[in-house]
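Number of protein chains: 4
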Amino acid sequence: MAGSTFGTQFKITTWGESHGKGVGVVIDGCPAGLSLCEEDIQAFLNRRKPGQSRYSTPRKEDDAVQILSGVFEGKTTGTPISLVVFNENQRSKDYGDIATYYRPGHADYTFDMKYGFRDYRGGGRSSGRETIGRVAAGAVAAKLLAQLGISFLTYSRSIGPVSISKTADELLQEDMSTLKQQILSNPLYMPEDNASTKAQDFLDDCIAQQNSAGGIVECIITGVPAGLGDPVFDKLDVDLAKAIFSIGAVKGFEIGDGFGVASATGLENNDAFRMKDGKVTTATNHAGGILGGISNGAPVIFRAAFKPTPSIASTQQTVNKSGEEIDISIHGRHDPIIVPRAVVVVESMAALTILDALLCNMGSKVENLKKLY
Amino acid sequence: MAGSTFGTQFKITTWGESHGKGVGVVIDGCPAGLSLCEEDIQAFLNRRKPGQSRYSTPRKEDDAVQILSGVFEGKTTGTPISLVVFNENQRSKDYGDIATYYRPGHADYTFDMKYGFRDYRGGGRSSGRETIGRVAAGAVAAKLLAQLGISFLTYSRSIGPVSISKTADELLQEDMSTLKQQILSNPLYMPEDNASTKAQDFLDDCIAQQNSAGGIVECIITGVPAGLGDPVFDKLDVDLAKAIFSIGAVKGFEIGDGFGVASATGLENNDAFRMKDGKVTTATNHAGGILGGISNGAPVIFRAAFKPTPSIASTQQTVNKSGEEIDISIHGRHDPIIVPRAVVVVESMAALTILDALLCNMGSKVENLKKLY
Amino acid sequence: MAGSTFGTQFKITTWGESHGKGVGVVIDGCPAGLSLCEEDIQAFLNRRKPGQSRYSTPRKEDDAVQILSGVFEGKTTGTPISLVVFNENQRSKDYGDIATYYRPGHADYTFDMKYGFRDYRGGGRSSGRETIGRVAAGAVAAKLLAQLGISFLTYSRSIGPVSISKTADELLQEDMSTLKQQILSNPLYMPEDNASTKAQDFLDDCIAQQNSAGGIVECIITGVPAGLGDPVFDKLDVDLAKAIFSIGAVKGFEIGDGFGVASATGLENNDAFRMKDGKVTTATNHAGGILGGISNGAPVIFRAAFKPTPSIASTQQTVNKSGEEIDISIHGRHDPIIVPRAVVVVESMAALTILDALLCNMGSKVENLKKLY
Amino acid sequence: MAGSTFGTQFKITTWGESHGKGVGVVIDGCPAGLSLCEEDIQAFLNRRKPGQSRYSTPRKEDDAVQILSGVFEGKTTGTPISLVVFNENQRSKDYGDIATYYRPGHADYTFDMKYGFRDYRGGGRSSGRETIGRVAAGAVAAKLLAQLGISFLTYSRSIGPVSISKTADELLQEDMSTLKQQILSNPLYMPEDNASTKAQDFLDDCIAQQNSAGGIVECIITGVPAGLGDPVFDKLDVDLAKAIFSIGAVKGFEIGDGFGVASATGLENNDAFRMKDGKVTTATNHAGGILGGISNGAPVIFRAAFKPTPSIASTQQTVNKSGEEIDISIHGRHDPIIVPRAVVVVESMAALTILDALLCNMGSKVENLKKLY
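Chains as they are written, first to last, in numbering that gives the first Met the number 0: chain A, 0 to 372; chain B, 0 to 372; chain C, 0 to 372; chain D, 0 to 372.
Any given hint might turn out to be false.
All copies of an identical chain are treated as equivalent in the list; a pair is satisfied when it fits inside any one copy or across any two copies.
What the hints assert, rightly or not - Think about it this way: if two alpha-carbon atoms lie no more than 27 Å apart in a straight line, the pair counts; the simulated DSS-like pairs of lysine-lysine are: (1) Lys48 x Lys275; (2) Lys275 x Lys320; (3) Lys48 x Lys142; (4) Lys142 x Lys74.
It is worth saying that the hints were derived from the structure and are not from the lab.
Turn these sequences into a full structure, and let the hints guide you.
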């Protein structure tokens with residue numbers, strides 16, 4: 000069963016385990032003529048690199064990307080772009096212990112059930128390192144989208160019980176470049192210093208108690224033209240749901256008002272259409288920029304809930320492969336929370352989705368064919 | 000751009016508009032040898048039929064399904080099963096009015112942006128009638144799954160602000176067939192009479208105020224073997240997210256504890272593995288039956304948030320195709336809430352997803368090939 | 000296992016058995032805004048209708064197509080186009096005999112091996128009637144392609160041992176509309192009367208001897224813009240090979256000089272590039288319009304070999320389901336040759352392939368995205 | 000437009016250019032539990048390595064493969080297998096000349112038309128080096144198939160005008176391991192020494208005249224169980240046609256009697272079913288092991304026609320990018336014929352196809368699901 004490929008026209012295939020020789024991605028279907036170099040990609044990868052604050056694993060991973068194909072004389076050629084990051088900092092240690100039991104909240108047991116055995120070093124294929132390929136590919140997509148006026152604002156909305164107070168609509172009123180800079184320089188990628196301080200206190204407690212925390216990532220996409228996405232199974236929100244839910248540790252996804260719509264009424268939830276500067280717009284954006292699965296030109300807004308890191312040093316109950324109930328305590332260099340490092344993964348998956356939707360939509364009208372042929 | 004197909008090995012393609020000649024589905028990849036007749040499918044369709052309580056549209060639609068191919072001498076042949084429901088009860092009325100403006104909360108505007116024009120009769124392709132094809136196909140999938148010991152419990156968890164009090168885990172302690180019967184006989188498909196009564200009061204108010212309501216549907220799948228789903232992009236929860244988010248009006252989706260995980264700690268959220276009757280099990284089920292994207296043998300539990308019906312008789316602001324701001328009021332036979340009728344749609348999409356995952360997983364191990372060849 | 004869908008962006012799914020309720024096709028991904036009515040499709044279907052000469056089965060099948068969805072006010076809407084032809088002329092006869100043994104050259108035995116049993120009425124899913132869906136969809140594709148200046152010339156190159164003498168290049172020198180008319184009015188769809196006469200004599204002998212014949216269909220596609228097709232697995236010739244080989248009875252496929260290239264030298268086989276009217280062209284067309292899997296602007300030329308109709312009245316040896324060796328003689332209303340009726344099937348599959356390639360190619364360059372967004 | 004992926008369940012994605020950093024493949028969907036090491040793969044790659052006779056390019060390429068992921072403790076894990084061969088022997092030379100004009104018979108012009116520019120070093124993405132990824136993946140597939148009793152006999156049937164005299168049926172009477180050894184030790188991979196000697200004389204003439212040659216590769220697959228392949232678009236012969244036609248330089252493909260069927264009669268072409276050792280078999284094998292797109296248990300036999308190497312040192316006419324007609328002569332280290340090195344590529348693509356068909360077919364019957372779940 001193959002499941003490592005994402006996308007229809009802009010298609011990525013990731014490979015690699017956390018403690019194998021490396022991780023990588025092949026991008027197939029990137030339009031020709033995009034200027035691209037390793038620095039473009041490295042900038043994205045650096046946003047998910049560990050060791051940048053005390054809230055991420057102290058492992059030092061340079062995660063230096065190499066472009067192996069698909070770029071010639073500084074431009075994409077239209078052929079597959081193969082990107083690789085070789086693994087460097089695997090501690091040479093005895094994994095035998097982990098091999099014998101099933102860590103709660105991890106995929107150890109399910110891999111054994113599916114495949115008959117597993118690569119028990121680190122998280123194997125379910126490691127967070129798998130997302131390196133996604134982020135590398137996302138960097139390429141985001142660069143192309145920027146040329147079409149489409150950009151992303153992605154941040155931690157909540158860390159454990161601590162949330163920012165501003166709504167997405169309020170953040171959209173601020174100066175974007177200042178806001179982006181503020182987020183990138185915040186250790187938790189939160190757009191409010193006040194909330195960030197409280198969240199750091201909360202995390203310090205978590206760490207002290209050998210526990211871990213979860214949180215919510217929010218993403219706002221601006222500049223998305225109206226008309227993207229398909230009416231039925233390949234709705235734009237479906238593709239985003241698929242993209243974001245495929246990130247390990249995501250347990251919930253919502254668009255616009257999300258679960259809030261369940262207790263709203265039609266009068267409250269409908270976004271009235273209005274004219275603004277001669278163009279159709281909506282007075283509010285409860286829908287999160289998507290109606291009937293198709294973008295309506297308003298900012299696309301979504302959120303994803305991430306579970307707490309399952310690897311904790313506190314004692315936990317589990318069973319081993321011999322079917323004995325045992326107590327374990329997982330030591331090692333684990334993130335007490337994955338939300339901050341997941342922010343760029345969310346942005347990358349969103350960029351891949353939007354670019355694919357743009358490409359898939361090109362033939363929606365006969366007149367589009369007549370423009371190009 | 001094609002987007003009306005769902006599934007990899009068990010693949011369905013739906014077609015049809017609300018006011019065209021009919022709606023239907025082609026199922027490709029149904030294993031041969033399943034006993035199947037029109038009554039099997041009709042039973043599922045009847046659960047989404049309107050006009051069964053005062054909380055659904057009074058339109059009378061028989062929605063009688065016909066099997067056009069793929070079944071011979073009472074059994075599926077392995078070739079495409081074409082199912083059709085001809086439309087019968089379209090009022091012959093003047094749609095010219097709707098044709099000229101964009102209804103808030105509907106896909107009118109986005110269809111025009113995407114395709115240049117739209118079938119403005121009813122909801123066109125975005126009508127709830129499109130789900131007839133899904134439910135017809137879901138009936139086939141559910142029948143096959145039942146033979147493998149996999150079954151579904153699907154119900155309204157909340158209607159507007161009114162929720163049931165029992166958790167999914169608590170419901171699982173009850174007698175399943177009694178519970179299913181109770182749900183099917185409840186006008187809102189709620190498993191608690193007390194909550195249902197309050198919800199009906201709430202809906203009566205909504206109707207009186209020419210307003211509409213949303214809600215949350217919950218689904219529990221039991222008997223799912225461990226090992227289904229793929230580690231990366233085609234995780235079982237991803238496929239469920241895609242399946243459920245593709246239902247019109249869904250704005251949020253979550254597995255297990257869902258958004259609740261964001262404020263939980265690792266210690267709280269991890270499900271300890273335990274032995275029970277000689278088999279590996281989990282003491283709790285915060286994960287909703289899926290770890291690392293792969294089923295772990297526990298019940299799969301998920302929820303979806305549905306927005307309030309956008310068609311309401313109250314006055315709303317919008318714009319027309321000439322770019323003028325106007326006031327409208329949408330009359331007609333609309334459901335004040337779609338949640339109860341959506342319950343069987345959710346169950347159908349879940350059944351399609353699980354069966355496809357079973358088929359895709361057959362080749363996960365070399366030993367499986369040796370068993371069959 | 001699902002296998003009834005063809006195409007990536009312009010995607011068709013066929014369904015139906017020869018003696019079931021009907022046959023049909025769902026087209027998903029047809030660009031919006033194409034004028035389309037049932038007559039457009041019927042014109043194509045009439046070219047494959049039986050009973051038009053003594054060389055096709057005397058069964059009378061009107062094969063009247065109905066459009067069930069996807070067309071509104073005379074134009075395609077961009078949503079799935081469901082087309083159906085209900086079966087009408089199944090003789091009510093006892094099929095019990097056929098059910099018990101395996102006809103040589105038919106799929107009876109292989110269906111039983113794959114699915115455990117089969118729909119033994121007529122050819123079931125392997126009947127030539129399955130091609131009705133392909134031709135109906137091909138008519139839609141061909142109509143759209145005509146608006147982009149792409150057209151098809153398809154004909155019988157050989158019937159049994161009798162071939163036409165002109166090459167494809169020579170036919171391209173003639174007046175196209177006269178030639179097309181000549182082909183359509185020829186009972187064997189041959190573009191040379193002389194060869195057609197000899198072929199008819201040969202077929203008359205075949206019929207007299209209760210035997211059947213095969214032949215070769217050739218197709219020339221003009222107006223294909225340079226740049227269609229992908230370098231590796233989705234080459235334009237690969238997609239054509241897949242399209243044409245999927246027609247029942249095809250046992251060989253070749254592009255340009257085809258098998259002739261095996262004994263040619265590089266000097267003979269290379270097509271020199273030349274300038275003509277300020278444009279790059281090739282002096283010859285041994286390549287059949289495709290280089291490295293991508294169209295070069297020259298006419299695309301290919302051929303397919305069809306086997307003789309397997310159903311013959313002469314006595315044949317076979318086995319029955321009880322494993323006994325028996326002699327059989329197949330009576331009924333069978334075509335002594337399927338080549339003439341297959342001509343429009345070949346053209347239809349070619350049209351579907353070219354349109355899909357046009358759609359898939361729209362995003363090949365960043366500048367194309369900038370033109371549309 | 001993405002086109003570098005092949006397969007449905009056993010899915011490969013190739014990447015890399017002839018003069019980039021390397022070439023590789025990602026295999027997704029390989030069943031877990033297959034013993035695999037680099038030597039298994041290297042053995043296949045060595046069969047396509049150049050420089051082993053005077054009929055292939057004197058370039059020395061070690062083509063040493065590395066497994067980067069998907070194998071743990073000597074067994075496949077079920078996750079993506081990333082294989083890479085780094086390029087080593089690119090001559091550092093000035094490609095500027097080739098950059099300015101279009102080589103006849105090459106994809107230079109079509110790449111420019113499609114993508115706006117091209118990687119002009121060597122063949123870029125259309126280089127024969129792209130097949131390294133296919134052969135590496137094919138080695139994995141073939142190893143798994145061998146465990147199921149499926150094996151391949153692949154050889155040069157003709158080189159230019161020189162063909163072997165034995166039919167595939169006759170070769171099947173010989174001792175397989177002796178025959179395979181004979182083919183592997185023959186410089187042209189021909190199974191008849193007599194024909195090989197004549198073919199070598201012919202090639203020596205070609206080389207002396209700065210010309211090149213084509214030929215035909217034949218492949219026999221034994222042990223294929225009955226029931227593989229789907230009735231309509233995903234017939235087993237369609238998948239083989241797609242697989243083989245995707246190899247650069249292939250211009251024709253045929254199954255069983257292939258183009259010969261066009262002039263055969265039904266009586267001649269039908270394969271009578273007979274009983275042998277209590278099993279259903281066919282007295283002849285004109286069908287090449289496939290009926291109605293589904294394997295019938297007989298050996299699968301097909302042929303592919305390869306064009307002569309387009310790169311020749313003789314003077315040729317072409318045009319340059321400025322639109323001027325010029326004369327060129329292509330020097331360098333080119334194969335005078337690619338057929339012998341293509342033999343293992345054909346075998347690899349066939350192995351990939353058969354394994355994918357086995358995986359896709361596992362769910363054809365409900366009873367198969369009951370056996371595994």
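Structure-based check of all given hints:
{"no.": "1", "hint": "Lys48 x Lys275", "verdict": "neither (42 Å within a copy, 41 Å between copies)"}
{"no.": "2", "hint": "Lys275 x Lys320", "verdict": "between (64 Å within a copy, 14 Å between copies)"}
{"no.": "3", "hint": "Lys48 x Lys142", "verdict": "within (20 Å within a copy, 39 Å between copies)"}
{"no.": "4", "hint": "Lys142 x Lys74", "verdict": "within (12 Å within a copy, 37 Å between copies)"}
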